[in-house]
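Each chain, written out:
Number of protein chains: 6
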Amino acid sequence: MAIVYLTRRERFNAAHKLKVKGWSAKKNRAVFGKCANKNFHGHNYELFVTVKGPPDPDTGFVMDAKKLSKLIKKEVLNHLDHSNLNKDVKFISKNTQPTTENLVILIWKQLAPHIKKCALHSIKLYETENIFAEYFGE
Amino acid sequence: MAIVYLTRRERFNAAHKLKVKGWSAKKNRAVFGKCANKNFHGHNYELFVTVKGPPDPDTGFVMDAKKLSKLIKKEVLNHLDHSNLNKDVKFISKNTQPTTENLVILIWKQLAPHIKKCALHSIKLYETENIFAEYFGE
Amino acid sequence: MAIVYLTRRERFNAAHKLKVKGWSAKKNRAVFGKCANKNFHGHNYELFVTVKGPPDPDTGFVMDAKKLSKLIKKEVLNHLDHSNLNKDVKFISKNTQPTTENLVILIWKQLAPHIKKCALHSIKLYETENIFAEYFGE
Amino acid sequence: MAIVYLTRRERFNAAHKLKVKGWSAKKNRAVFGKCANKNFHGHNYELFVTVKGPPDPDTGFVMDAKKLSKLIKKEVLNHLDHSNLNKDVKFISKNTQPTTENLVILIWKQLAPHIKKCALHSIKLYETENIFAEYFGE
Amino acid sequence: MAIVYLTRRERFNAAHKLKVKGWSAKKNRAVFGKCANKNFHGHNYELFVTVKGPPDPDTGFVMDAKKLSKLIKKEVLNHLDHSNLNKDVKFISKNTQPTTENLVILIWKQLAPHIKKCALHSIKLYETENIFAEYFGE
Amino acid sequence: MAIVYLTRRERFNAAHKLKVKGWSAKKNRAVFGKCANKNFHGHNYELFVTVKGPPDPDTGFVMDAKKLSKLIKKEVLNHLDHSNLNKDVKFISKNTQPTTENLVILIWKQLAPHIKKCALHSIKLYETENIFAEYFGE
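Chains as they are written, first to last, in our numbering: chain A, 1 to 138; chain B, 1 to 138; chain C, 1 to 138; chain D, 1 to 138; chain E, 1 to 138; chain F, 1 to 138.
Isolated chain A (complex conformation) (with noise of 0.2 Å):
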């Protein structure tokens, strides 16, 4: 049976920086430029979201798109659009710097298990036009 992948793609707008509690604000500067700014900056974020298995043989869909974009307002959009990274969601630890990529190990452990009928394939996150991260579960 054919195996085939289907994205999802939706946006959301967050202000975050980039802070490890446990270093001096020289250390932050050095290692994180502007990105340590005490204010914070923010982005808008474009997230792909991959699902892959067989067409169903009688509606052609790998999974209704309009159902999995729901899923990702509910488990994703709704704790991350208009949001601080730092401060507002409760599936981003204090602990956890909110960088593209920590973002969609996060995000994949939102909505893997809600998807059900096919699999979770990956999550791709656009930061600026020049820096995404991707992650596969693995």
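What the hints contain is simulated information worked out from the structure, not anything from laboratory work. Misleading hints may appear alongside valid ones.
[What the hints assert, rightly or not] Okay, derived cross-link-like pairs now, BS3-like style, lysine-lysine, Cα gap no bigger than 25 Å in a straight line:
no. : chain 1 : residue 1 : chain 2 : residue 2
1   : D       : Lys74     : E       : Lys67
2   : D       : Lys87     : A       : Lys38
3   : E       : Lys21     : C       : Lys26
4   : A       : Lys73     : C       : Lys73
5   : E       : Lys38     : F       : Lys34
6   : C       : Lys66     : D       : Lys67
7   : B       : Lys27     : C       : Lys87
8   : E       : Lys70     : F       : Lys34
9   : C       : Lys34     : E       : Lys19
10  : E       : Lys19     : D       : Lys67
11  : C       : Lys26     : A       : Lys73
12  : B       : Lys117    : F       : Lys26
13  : D       : Lys21     : C       : Lys67
14  : B       : Lys66     : F       : Lys27
15  : D       : Lys52     : A       : Lys94
16  : A       : Lys21     : D       : Lys87
17  : E       : Lys116    : C       : Lys27
18  : A       : Lys87     : D       : Lys73
19  : E       : Lys21     : E       : Lys34
20  : C       : Lys67     : A       : Lys70
21  : B       : Lys26     : A       : Lys117
22  : F       : Lys34     : E       : Lys74
23  : F       : Lys66     : D       : Lys73
24  : E       : Lys19     : D       : Lys52
25  : C       : Lys116    : C       : Lys66
26  : D       : Lys73     : A       : Lys38
27  : A       : Lys26     : F       : Lys27
28  : E       : Lys109    : B       : Lys73
[What the hints assert, rightly or not] Calculated Cβ distances over 12 Å to all of chain A for the following chain B residues:
no. : residue
29  : Arg8
30  : Asn39
31  : Pro57
32  : Asp58
33  : Leu71
Think of the CB as a built atom: it goes at the ideal place given N, C-alpha and C, for glycine as much as any other residue.
For this one, chain A is given, so just place chains B, C, D, E and F on it according to the hints.
Same frame as chain A, now just chains B, C, D, E and F:
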């Protein structure tokens, strides 16, 4: 020998609707929403065809991208561009929903027999900026 | 007082064909090419609505972009999205070709009466990545 | 003499929220929705600065695009990039909402005095892919 | 009668360098930087041609976009695509720097005499995603 | 430990032509078409470098994206940007066609020895919006 993946983008514009023949209008509406609208809607489809192989030692080509483009036009775009995917296309059976997922499988079948000196690697198709499907022939 | 131009992008997907009723099939084919194909084709239309006015001293808004979005959905997208532009849309007369040029005029007429505290400046519509039309109400 | 319009794109990332100080939390919420969230959110802002004038007969430049870029960095990006628009920026008064509409006016005021051999024509700023504002100095 | 602006996008790839003949190598380097490199560099140019006029009552066209495309190919792209802008193009004089600013003026001159039933409105040319020039014939 | 893929986009502008030295002008023309034009043409190349590894527990970085950017500039862009790929680049041998396919292999070789704490995963290069190549080091 180094294996390189070469991708060619093409575009086509087509009308379609989603509707299972054996289902009631109500069930089609419940499953497909406005995608089941009677008189069709349409999309600017964006197609990415990827082939793989070693670059030729003389030309540096995995495959001549112009020849790949001509092949895609002959075997795919001439059938799909400015068509109605529910009515006009010989290689889409009347019992197959013209979803993005089914289209990538069907486009693979159109192209695979004609890629000879290198190998077809994937067919990726954007239906909108928010939804795309990809198929690797497996 | 400073006049600022605020633009909101929206998208809709629709089917259409181009065909003058009084013309022979041959003449329609000669003028419109494959755009005259019998069973329709379609597009992902990308719409840019621009309003102008002074930003409100309190809110900093020329117009609330969320309200502008709701207005566009009510007066334009609810009619055009997932429609057949030749058959389904009340504000497109049967004698009007649904070209991008005619659509920007018709969309202007739909929206202009409802833009009250600032002024409608332009309607811009992409049919494909290579063709768009713009109308300034003149 | 031919007048040509030259545009330079730059980008910056910033946090902000929208909140009128004299208003209740309830009214701020009603007007600004989640844009009023307490701990800020943020955006990848995309800035287009357009100058106009006759190309220099020797260099063919309306203005050296590299010098324009340096000027934008000095007068605008050094203040706004990786900043909190509500807290960190000297040229945004505490009573001014950091909306896209107000930002284009403020960026114009930062740049206009420094464009000397040609003329500043417009400041255009994207907040998201769906919303942008433009200001022509009038 | 409603005046609509219709834009067609085309693309061409070309090599160029910037160098004033009467200047020393040092001065060329100081003014043009690496754009003066001896053996040329190049760009994917993106060209937007806008015409304006009333849509034809029958066809709904300001101008047939396919004919506009053919005209641009004949008068502009056949000269510029896969060319060296310093060496190969008859309508670029040897004393004219092939800057984006000069190119929009020269492309206007190539096209304007051939736009007959409607009017040429603007020529816009992207040299990179960060720099573009526009000319309105004035 | 979770393995995340981090990608950095960079851009460079270069001239090139395609021409096999031992072939006649006629054969070069037959195989390469206008890509064989004598005086070169050029492109805005868009480069995506992907590295993979576990995010650092403190910083949340697979690799500092700013350091990755600096490395790409030093080992790749300083050689390729504003260059003539047929004449100016030490790591492109005179017998190697500067095709996108060959470039991704050569860029891999430039970068791989310098990626130390994580692993180089892929080099992807766009020549135009319609053609790109990718190499995974195999």
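Hint by hint, here is what the structure shows:
1. The straight-line distance between the Cα atoms of Lys74/D and Lys67/E is roughly 46 Å, outside the 25 Å bound, and the hint therefore fails.
2. Restraint check for Lys87/D and Lys38/A: satisfied, since their Cα atoms lie roughly 10 Å apart, inside the 25 Å limit.
3. Only pairs whose Cα atoms come within 25 Å are accepted, and Lys21/E paired with Lys26/C is rejected, the gap being roughly 57 Å.
4. At most 25 Å may separate the alpha-carbon atoms for a hinted pair to count; Lys73/A and Lys73/C meet this at roughly 20 Å.
5. For the given pair, Lys38/E sits about 22 Å from Lys34/F by alpha-carbon distance, which is consistent with the 25 Å threshold.
6. At roughly 37 Å between alpha-carbon atoms, Lys66/C and Lys67/D are farther apart than 25 Å, so this suggested pair is violated.
7. A distance of roughly 24 Å separates the Cα atoms of Lys27/B and Lys87/C; the hinted pair therefore holds under the 25 Å criterion.
8. At roughly 19 Å between alpha-carbon atoms, Lys70/E and Lys34/F fall within 25 Å of each other, so this suggested pair holds.
9. Proposed proximity of Lys34/C and Lys19/E is contradicted: the alpha carbons are some 47 Å apart, above 25 Å.
10. The straight-line distance between the Cα atoms of Lys19/E and Lys67/D is roughly 18 Å, inside the 25 Å bound, and the hint therefore holds.
11. Our distance criterion of 25 Å between C-alpha atoms is broken by Lys26/C and Lys73/A, whose separation comes to about 50 Å.
12. A threshold of 25 Å between alpha carbons decides the hint, and for Lys117/B with Lys26/F the separation of about 24 Å falls inside it, so the pair holds.
13. Distance restraint check for Lys21/D and Lys67/C: the Cα-Cα separation of roughly 22 Å lies within the 25 Å cut-off, and the hinted pair is therefore satisfied.
14. Proximity of Lys66/B to Lys27/F is assessed by CA-CA distance (about 16 Å); at most 25 Å being required, the pair is judged to hold.
15. Proximity of Lys52/D to Lys94/A is assessed by CA-CA distance (about 50 Å); at most 25 Å being required, the pair is judged violated.
16. A distance of roughly 22 Å separates the Cα atoms of Lys21/A and Lys87/D; the hinted pair therefore holds under the 25 Å criterion.
17. Simply put, Lys116/E and Lys27/C have alpha-carbon atoms about 22 Å apart, close enough for the 25 Å limit, and the pair holds.
18. Distance restraint check for Lys87/A and Lys73/D: the Cα-Cα separation of roughly 30 Å exceeds the 25 Å cut-off, and the hinted pair is therefore not satisfied.
19. Simply put, Lys21/E and Lys34/E have alpha-carbon atoms about 16 Å apart, close enough for the 25 Å limit, and the pair holds.
20. Taking the CA atoms of Lys67/C and Lys70/A, the gap is about 22 Å. The hint holds against a cut of 25 Å.
21. A hinted pair counts as satisfied when its Cα atoms are at most 25 Å apart, and Lys26/B with Lys117/A qualifies at roughly 24 Å.
22. Our distance criterion of 25 Å between C-alpha atoms is met by Lys34/F and Lys74/E, whose separation comes to about 16 Å.
23. At most 25 Å may separate the alpha-carbon atoms for a hinted pair to count; Lys66/F and Lys73/D meet this at roughly 18 Å.
24. A hinted pair counts as satisfied when its Cα atoms are at most 25 Å apart, and Lys19/E with Lys52/D qualifies at roughly 22 Å.
25. Between Lys116/C and Lys66/C, the direct Cα distance comes to roughly 15 Å. Compliance with the 25 Å bound is thereby established for this hinted pair.
26. Taking the CA atoms of Lys73/D and Lys38/A, the gap is about 21 Å. The hint holds against a cut of 25 Å.
27. Using a Cα cut-off of 25 Å, the hinted pair Lys26/A and Lys27/F is violated, with the two alpha carbons roughly 63 Å apart.
28. Simply put, Lys109/E and Lys73/B have alpha-carbon atoms about 35 Å apart, too far for the 25 Å limit, and the pair is violated.
29. Every Cβ of chain A is farther than 12 Å from the Cβ of Arg8/B; the closest lies at roughly 19 Å, confirming the non-interface assignment.
30. Remark: the non-interface label on Asn39/B is consistent with the geometry, its nearest Cβ contact in chain A lying 20 Å away (cut-off 12 Å).
31. Against chain A, the non-interface label of Pro57/B holds: every CB pair exceeds 12 Å, the least being about 33 Å.
32. Here Asp58/B stays apart from chain A, with its beta-carbon at least about 35 Å from theirs, past the 12 Å limit.
33. No beta-carbon of chain A is positioned within 12 Å of the beta-carbon of Leu71/B; the least distance is around 22 Å.
Going through the hint list in order, the structure does not satisfy hints 1, 3, 6, 9, 11, 15, 18, 27, 28.
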